[in-house]
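Residue strings, one per chain:
Number of protein chains: 2
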Amino acid sequence: MDPNVLHNLSYGMYVVSSCSGSKLNGQIANTVFQITSEPVTVAISINKQNLTHEYIESSRSFSISILDESAPLPFIGKFGFRSGKTEDKFKDTKFEISKSGCPIVLDHTIAYIEAKVIETLDYGTHTLFLGEMTDSKMLAPGKPMTYSYYHETKRGTTPPKAPTYIKGEAPNKGDAK
Amino acid sequence: MDPNVLHNLSYGMYVVSSCSGSKLNGQIANTVFQITSEPVTVAISINKQNLTHEYIESSRSFSISILDESAPLPFIGKFGFRSGKTEDKFKDTKFEISKSGCPIVLDHTIAYIEAKVIETLDYGTHTLFLGEMTDSKMLAPGKPMTYSYYHETKRGTTPPKAPTYIKGEAPNKGDAK
Numbered sequence: 055m056d057p058n059v060l061h062n063l064s065y066g067m068y069v070v071s072s073c074s075g076s077k078l079n080g081q082i083a084n085t086v087f088q089i090t091s092e093p094v095t096v097a098i099s100i101n102k103q104n105l106t107h108e109y110i111e112s113s114r115s116f117s118i119s120i121l122d123e124s125a126p127l128p129f130i131g132k133f134g135f136r137s138g139k140t141e142d143k144f145k146d147t148k149f150e151i152s153k154s155g156c157p158i159v160l161d162h163t164i165a166y167i168e169a170k171v172i173e174t175l176d177y178g179t180h181t182l183f184l185g186e187m188t189d190s191k192m193l194a195p196g197k198p199m200t201y202s203y204y205h206e207t208k209r210g211t212t213p214p215k216a217p218t219y220i221k222g223e224a225p226n227k228g229d230a231k
Numbered sequence: 055m056d057p058n059v060l061h062n063l064s065y066g067m068y069v070v071s072s073c074s075g076s077k078l079n080g081q082i083a084n085t086v087f088q089i090t091s092e093p094v095t096v097a098i099s100i101n102k103q104n105l106t107h108e109y110i111e112s113s114r115s116f117s118i119s120i121l122d123e124s125a126p127l128p129f130i131g132k133f134g135f136r137s138g139k140t141e142d143k144f145k146d147t148k149f150e151i152s153k154s155g156c157p158i159v160l161d162h163t164i165a166y167i168e169a170k171v172i173e174t175l176d177y178g179t180h181t182l183f184l185g186e187m188t189d190s191k192m193l194a195p196g197k198p199m200t201y202s203y204y205h206e207t208k209r210g211t212t213p214p215k216a217p218t219y220i221k222g223e224a225p226n227k228g229d230a231k
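Going down the list, the sequences are from chains Y and S. Sequence positions in the first sequence follow this note's numbering and run 55 to 231. Sequence positions in the second sequence follow this note's numbering and run 55 to 231.
None of these hints come from the bench; they were simulated from the model. Hints may contain errors.
[As the list claims (entries may be wrong)] With a cut-off of at most 25 Å between alpha-carbon atoms, the simulated DMTMM-like pairs for lysine to aspartate or glutamate come out as follows:
1. K139(Y) to E150(Y)
2. K215(Y) to E173(S)
3. K170(S) to D56(Y)
4. K148(S) to D56(Y)
5. K197(Y) to D122(S)
Quantities reported herein were computed from a predicted structural model and do not represent experimental measurements.
Throw the hints in and build the complete structure from the sequences for me.
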């Protein structure tokens, strides 16, 4: 078994956001994918320890901001390597509040999707949330950042709590600064 | 709601193969993703009408061949736009039989993953199969083909039965030749 194989699976780079009452949070996610086309259903894998997980369970809704290749590492670091438990990630972030009451991150975002949770699947360290798309909008022209672009061109790393973390891969604390 | 947003989600290009007794089949899939890292669990979304779906249900195992950017359209057409119900897709394909008894496609393949099904989730037109990785191997250097590379550089299209099909997008029959 060669874990390096997993580096060859392709993903995008997204901010998944949610809320609990008036509290907002969001996190970087790369496992976002469409599973059916009619109705449009998307699935996301979120670590149970993350605050966003708690908020999605609370509000039963989430948004997906599709990041542009130009999104800088400090921005990814804020949403990917820091926790909303200790800071307000939305303080210096451009966002809007959707009809669901939850935030949609607009910084470095090409397009967004909003979804309501239709099923929650418990898989050990992570939950797979299945959501039916309730809204979607194109915001700006741009090229969606892929996970490999993030690793190879941006020289970004993956935190241990990510579903696609590969054992032995060390997080680069520098990304979060 | 703008369905064009969905074009900005990122995926790879894979052949997912399985078997039923000595019968072999495989199909192009793009919704392949890791959902947990310990143990390594992957999820795939497969249309219920596909023969591969029937074989995965029968053998409870599948392989994922990660395609190289060099994979030609006729090869993708064979696995993506034609059905194993009417032809033997493995006739002119390089493959090996794994310990599970099921095939692994080796043509234009950078690396493969084998998995045993640990859960089957019914979602209308598609089933989400969750599999625990039982084997994986790097085969050749190369760049994994992404779904956007397939669309933008190869000028490939998406069949209506794919989980990521977007209504109004017409399949190009030419791909299958």
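Evaluated hints:
1. As the CA atoms of K139(Y) and E150(Y) are separated by approximately 21 Å, the hinted pair is consistent with the 25 Å bound.
2. Between K215(Y) and E173(S) the alpha-carbon distance is near 22 Å, which keeps this suggested pair within the 25 Å criterion.
3. Only pairs whose Cα atoms come within 25 Å are accepted, and K170(S) paired with D56(Y) is accepted, the gap being roughly 16 Å.
4. With a CA separation close to 21 Å, the supplied pair K148(S) and D56(Y) stays within the 25 Å bound.
5. For the proposed pair K197(Y) and D122(S), the alpha carbon gap of about 21 Å is at most 25 Å, so the pair holds.
The structure agrees with every numbered hint stated previously.
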